[in-house]
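Enquirer: Sequence:
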Amino acid sequence: MNVQCHACIGGTNIGEDIRKLDYGQHVVSGTPGRVFDMIRRRNLRTRSIKLLVLDEADEMLNKGFKEQLYDIYRYLPPGAQVVLLSATLPHEILEMTSKFMTDPIRILVKRDELTLEGIKQFFVAVDCEEWKFDTLVDLYDTLTITQAVLFCNTRRKVVLALGDYMNVQCHACIGGTNIGEDIRKLDYGQHVVSGTPGRVFDMIRRRNLRTRSIKLLVLDEADEMLNKGFKEQLYDIYRYLPPGAQVVLLSATLPHEILEMTSKFMTDPIRILVKRDELTLEGIKQVDWLAEKMKEANFTVSSMHGDMEQKEREQIMKEFRAGNSRVLISTDVWARGLDVPQVSLVINYDLPNNRELYIHRIGRSGRFGRKGVAINFVKHDDVRILRDIEQYYSTQIDEMPMNIADMI
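Residue numbers (this note's numbering): 731 to 1138.
The reader is advised that the hints may include incorrect statements.
Capping the alpha-carbon separation at 30 Å, the derived lysine-lysine pairs in DSSO-like fashion look like this [what the hints assert, rightly or not]: (1) 796 with 750; (2) 958 with 750; (3) 958 with 994; (4) 780 with 750; (5) 915 with 796; (6) 945 with 994; (7) 915 with 961.
Listed next, with one range per pair, are the computed distances between beta-carbon atoms [to be verified]: (8) 940 with 835: 44 to 50 Å; (9) 874 with 825: 50 to 56 Å; (10) 1022 with 838: 46 to 52 Å; (11) 745 with 1000: 29 to 35 Å; (12) 771 with 857: 22 to 28 Å.
No lab work stands behind these hints, which were simulated from the structure alone. Beta carbons are placed, not taken as given, at the ideal position from N, Cα and C, and that holds for glycine.
Construct all of the structure, not just a fragment, from the sequences and the given hints.
Expert: Spelled out as structure tokens, the structure:
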């Protein structure tokens, strides 16, 4: 179409968003929180907006973005057209149409062709995060696979593994995920909360994350957070800390802004320098971590996630389609719209964060009339999510049988 497009996604570089928007864009896509932030900062100028599209509106409402959507709508110029796309029509969607639209036209489309028909679904119960890898290795020793895709979540691994190991309540507050789930978990009480600055500050501002009991604030990869423009949000979070809270700042580099931050956040800070070869893999995305573990176990795998350059992702996909790699480990960047006919097995190493992603993930197998198999690794905390998926799609996910090899 030869138009300028940009995606404003929570958790990514704010400075890059500002630069792109100031340059001028014909089409802007994004998550509600980041889009509204860009409007509030006046980098996304709304007076020229002709069309607002709310895609997967039911999912956005389920995730608690109602207020942010209303805030965005209030900035629209008169006469801007609104298109609302939703797989379901709950009461809140109809309420939204009455607020956002004048004489709306409803267009009903036949149910998506992507269904669970032809895909056998199973789960494997694992007691803790660490056992998932052992289960995966056992599975691959048992099966003969044409091609398979493993899906991982990107940010929860470290905090949930920490909870399993130390037997404490942990939760990850990540921008773009379900706000209602964050509120429920935080109201229940957590020993450790990890998250992105924007969502953590939002939970503090809503008073669901109560700061008076915080003993320790850890700013991991502080240089990266500053590079992505989170300085103001970090300062906002710090101002809510109680007196005496300890601050730990971890950074691979020590630019001027990091030193400035230590002077604001810390009293008599102690600097600890770590030799390069002692740096751990804890900060690496789960995809990279799992791919490395698989290679160490002598499996040939490829991996892909959203932080890779587009050219690199395209090359990986080209090699996977050609059959040079039988196993692709990926985040949800691969969950929609990409078809490889030879894929017969999908493994959810982590269950997806929402129900719609589940059908898009497992739909990578069983394409073009072929049979497919989906296997879900499920910890005790995941059982509720699995049952919710079963109920939502009116399907049944059974425990994996011993003769699984005969089904692939």
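Enquirer: When you take the CB atoms of residue 745 and residue 1000, is the distance between them in 29 to 35 Å?
Expert: holds (30 Å)
Enquirer: Hint check: residue 796 vs residue 750, CA-CA at most 30 Å. Holds or violated?
Expert: Within the cut-off at roughly 26 Å; holds.
Enquirer: So if I understand the rule, the pair passes when the alpha-carbon distance is 30 Å or less; does residue 958 with residue 750 pass?
Expert: Distance ~14 Å between residue 958 and residue 750 Cα, so the pair holds.
Enquirer: Is the straight-line distance between the alpha-carbon of residue 958 and that of residue 994 30 Å or less?
Expert: Holds, because 19 Å separates the two Cα atoms, which is no more than 30 Å.
Enquirer: Is the gap between the beta carbons of residue 874 and residue 825 within 50 to 56 Å?
Expert: holds (52 Å)
Enquirer: Could you tell me whether the CB distance from residue 771 to residue 857 stays inside 22 to 28 Å?
Expert: The hinted range 22 to 28 Å is violated for residue 771 and residue 857, with Cβ atoms some 46 Å apart.
Enquirer: Taking the beta carbons of residue 940 and residue 835, is their distance inside 44 to 50 Å?
Expert: holds (46 Å)
Enquirer: Need the status of pair residue 915, residue 961: alpha-carbon distance at most 30 Å?
Expert: Status holds; Cα separation ~26 Å.
Enquirer: Would the hint linking residue 780 and residue 750 be met if the CA-CA limit is 30 Å?
Expert: Distance of about 19 Å is within 30 Å: holds.
Enquirer: Between residue 1022 and residue 838, does the beta-carbon spacing fit 46 to 52 Å?
Expert: holds (47 Å)
Enquirer: Sort out whether residue 796 lies within 30 Å of residue 915, counting only the CA atoms.
Expert: holds (19 Å)
Enquirer: Under the criterion that the straight-line Cα-Cα distance not exceed 30 Å, is the pair residue 945, residue 994 satisfied?
Expert: holds (18 Å)
The earlier numbered hint that this structure contradicts is number 12, and it is the only one.
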